[in-house]
Each structure stands twice: as structure tokens, then as C-alpha cells.
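Produce the complete structure using the sequences and hints provided.
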Amino acid sequence: MSAVWLAVIVVGLATMLLKATGPVLLGGRELPSHVNALVVLLAPAVLAALVVTQVVGGDRELVFDARLVGLGAACISIALRAPLLVVVIVAAATTAAVRLAS
Amino acid sequence: MTGPKRSRYRDGARLIAPIGLAAAAFGASFGVLGPTADFDALAAVVMSATTFAGSAQFAVVSTLESGGSVVAAIAAAVLLNARYAPISVSVAPVFRGSPWRRLLESQLIVDESWVVSRRPDGRFDHRILLGAGLVLYVAWVGGTAAGVLVGEAIADPASLGLDAAFPALFLALLVPQLRSRRALAAALLAAGVALVLIPFTPAGIPIIAASAACLLGWRRR
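Protein sequences, first through last, are from chains L and D. Heads up, the first sequence is in the numbering used here, so the first residue is 1 and it goes up one at a time. Heads up, the second sequence is in the numbering used here, so the first residue is 1 and it goes up one at a time.
Source of the hints: derived by calculation from the structure; they are not laboratory data. Some hints could be false.
Claimed, not checked - Here are some of the chain L residues that sit facing chain D, going by a computed Cβ distance under 7 Å:
1. Ala7
2. Val10
3. Ala14
4. Thr15
5. Thr21
6. His34
7. Ala37
8. Pro44
9. Ala45
10. Ala49
11. Asp65
12. Ile76
It should be emphasised that the depicted structure is a prediction, and the values quoted were computed from it without experimental measurement. Ideal placement from N, C-alpha and C gives every residue a C-beta, glycine not left out.
The structure is reproduced here in C-alpha cells:
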């Protein structure tokens with residue numbers, strides 16, 4: 001088997017298992033209250049980490065580029081209570097504009 | 001009485017629609033990148049349909065392309081997707097039915113469908129998750145297939161600023177969740193941990209380590 005197909009199959013299976021962990025093993029059951037107290041904070045924690053890694057993350061380095069300006073524009077739209085769609089478009093358009101200008 | 005049921009799935013689809021377009025464009029760029037890393041067209045589409053997680057797929061392509069081993073490529077992708085273990089536990093209570101059904105439905109869990117299905121009380125809405133997940137799945141796999149077919153004709157997603165669209169979405173969804181002091185503390189701690197670890201660890205580690213910030217919710221009994 002080629003390296004590509006080996007990677008495709010193993011990564012696909014591993015990802016399916018990771019996503020199935022909770023629903024298959026614990027599906028339909030309420031989580032114990034002390035676990036629930038952690039789960040409530042999981043979304044804010046993971047979201048904050050995703051924002052950071054996707055805005056300044058590089059290949060083992062911090063990269064400050066047009067994405068940061070786009071996120072700044074998104075912050076302003078969020079503060080002005082713009083709808084989700086507007087926030088996303090403003091971020092993309094600003095980033096694209098900065099790249100075009102530089 | 002299928003009326004309200006249907007509208008809930010549609011709510012998920014409607015919520016995610018704007019990001020579905022970005023997902024399709026990213027999927028297309030994965031389909032375009034394919035050939036350069038010895039990925040034949042079929043491998044790229046099969047990977048989008050089975051892995052359905054953008055960052056991990058790009059990690060495999062770039063690792064193999066830069067001469068890395070298969071083991072390194074697989075390790076990078078699994079690390080990037082390790083966050084799905086805690087994420088899938090968080091939504092477990094709303095997945096019902098037979099184990100096979102739960103297995104199948106759980107494949108629609110991705111960051112974006114997970115986040116839009118979170119309700120203000122911290123629980124998750126099953127139908128919104130599935131509705132949003134299905135739109136993203138079709139956009140991602142369809143985008144990859146289109147990228148494979150059309151190839152270089154598709155614009156570079158970076159030139160369209162699409163790489164900033166996803167963090168902007170995540171930030172917009174994060175802000176309303178910061179009403180409690182604890183949630184704010186968890187988010188700030190997670191952001192700090194990720195920022196510090198990015199230069200020193202392989203991709204994926206900063207996110208898993210940062211997710212441990214949810215331990216701030218630990219209650220002593």
C-alpha cells in the first residue's frame with residue numbers, strides 16, 4: 001500500500017473513533033455533575049485556543065500577518081453587534097485587502 | 001408532527017450557511033493541493049469524506065510533501081484531532097438510539113457544528129448539530145471534489161482572506177459565552193497556554209493543552 005493511502009486510512013479511522021468516543025460509549029446518558037462543570041468550560045477554552053492558533057499560529061512559530069488585522073476588524077464588528085455573517089465577511093475582506101495592498 | 005423537528009435541523013443549516021461557503025472553498029483548496037503530494041484525486045476525496053477535519057488533512061499533505069514519514073504524517077493528524085475526544089464527550093448526552101446510529105451521527109461533529117449547537121445553558125442541541133454538520137460535510141466533500149476536478153482554476157483561499165474567516169467565526173461564537181467570570185478565566189487561560197506553546201510544540205498540542213483550562217470548573221467535593 002502506498003504511503004498516501006496508508007495515511008488516509010489510518011487517519012480516517014482514528015478520527016472517526018475520536019469523534020465517536022462520547023456518543024458511542026456514553027450516548028444518551030447524563031454526564032455526572034462534576035464532569036458537567038468541566039464540560040461547560042470546554043467550549044470557551046477550545047474556542048479561545050482555536051482563535052489563537054488560527055490567527056498567529058505558524059509552523060512552530062508565531063506569525064503576525066494580515067490575519068491579525070482581519071481579526072481586529074472582526075472584533076470591531078462583534079462590539080457593534082453585527083450578525084455572524086457580517087463578522088465573517090468583514091474579517092475575510094479586511095484580510096484580503098491587507099494582502100492585496102502589501 | 002414533523003414540522004418543528006424539521007425546522008430545528010434547518011436552524012442548524014441556516015446558522016452555519018455562511019461558514020459553509022468558506023468550508024467549500026477550503027475543501028476545494030485541499031482538492032487542488034492533492035496532486036502535488038502524490039495524492040491521487042480519489043485519495044483526496046476519500047480523505048475529506050472519512051476524516052472530515054481540515055487542519056488534520058492539510059497536516060498530512062504538508063508532512064508527506066516535505067518528505068516526512070507516514071508515521072509523522074499520521075501522528076500530526078491524530079494530535080490535531082485529539083480534541084475531538086473531549087468534544088465528543090461533551091455532546092454525548094444528546095446522542096440517542098442504537099450504537100451504530102450514534103457512531104454514524106457522531107461523524108458530523110466538527111468544531112463549527114459543535115459550537116453553533118451549544119445553548120446558553122451549556123448543553124447542546126442535537127438537531128442543530130446534525131443540521132449544521134451535514135451542511136459542512138456536503139460543503140467540504142463537494143468542495144474537495146470540485147477542487148480535484150477544476151484544479152488550479154480555483155482562487156487561492158488566502159488571497160480571499162478565508163483563513164481569517166474561521167477564527168473570526170470562533171471569536172464571534174466565543175464572546176457570548178463569556179458571561180460568567182469562570183468562562184472568561186478559562187478562555188483567557190486557554191488563549192495564554194496556546195500562545196506560549198505554539199513555538200515549542202507540534203500543531204495540535206497547544207489546543208489540547210489549552211482545553212485543560214476547563215479544569216477551572218473542577219469542584220471539590
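A quick look at each hint next to the structure:
1. Ala7: Given a least distance of 5 Å, the restraint on alanine 7(L) holds.
2. Val10: 5 Å, holds
3. Ala14: 5 Å, holds
4. Thr15: 5 Å, holds
5. Thr21: 5 Å, holds
6. His34: 5 Å, holds
7. Ala37: Alanine 37(L) check passes; min Cβ-Cβ to chain D is 4 Å, inside 7 Å.
8. Pro44: 4 Å, holds
9. Ala45: Holds, about 4 Å.
10. Ala49: This interface hint holds because 4 Å falls under the 7 Å limit.
11. Asp65: 10 Å, violated
12. Ile76: Nearest chain D Cβ about 11 Å off; hint violated.
The structure is inconsistent with the numbered hints 11 and 12, although it conforms to all the rest.
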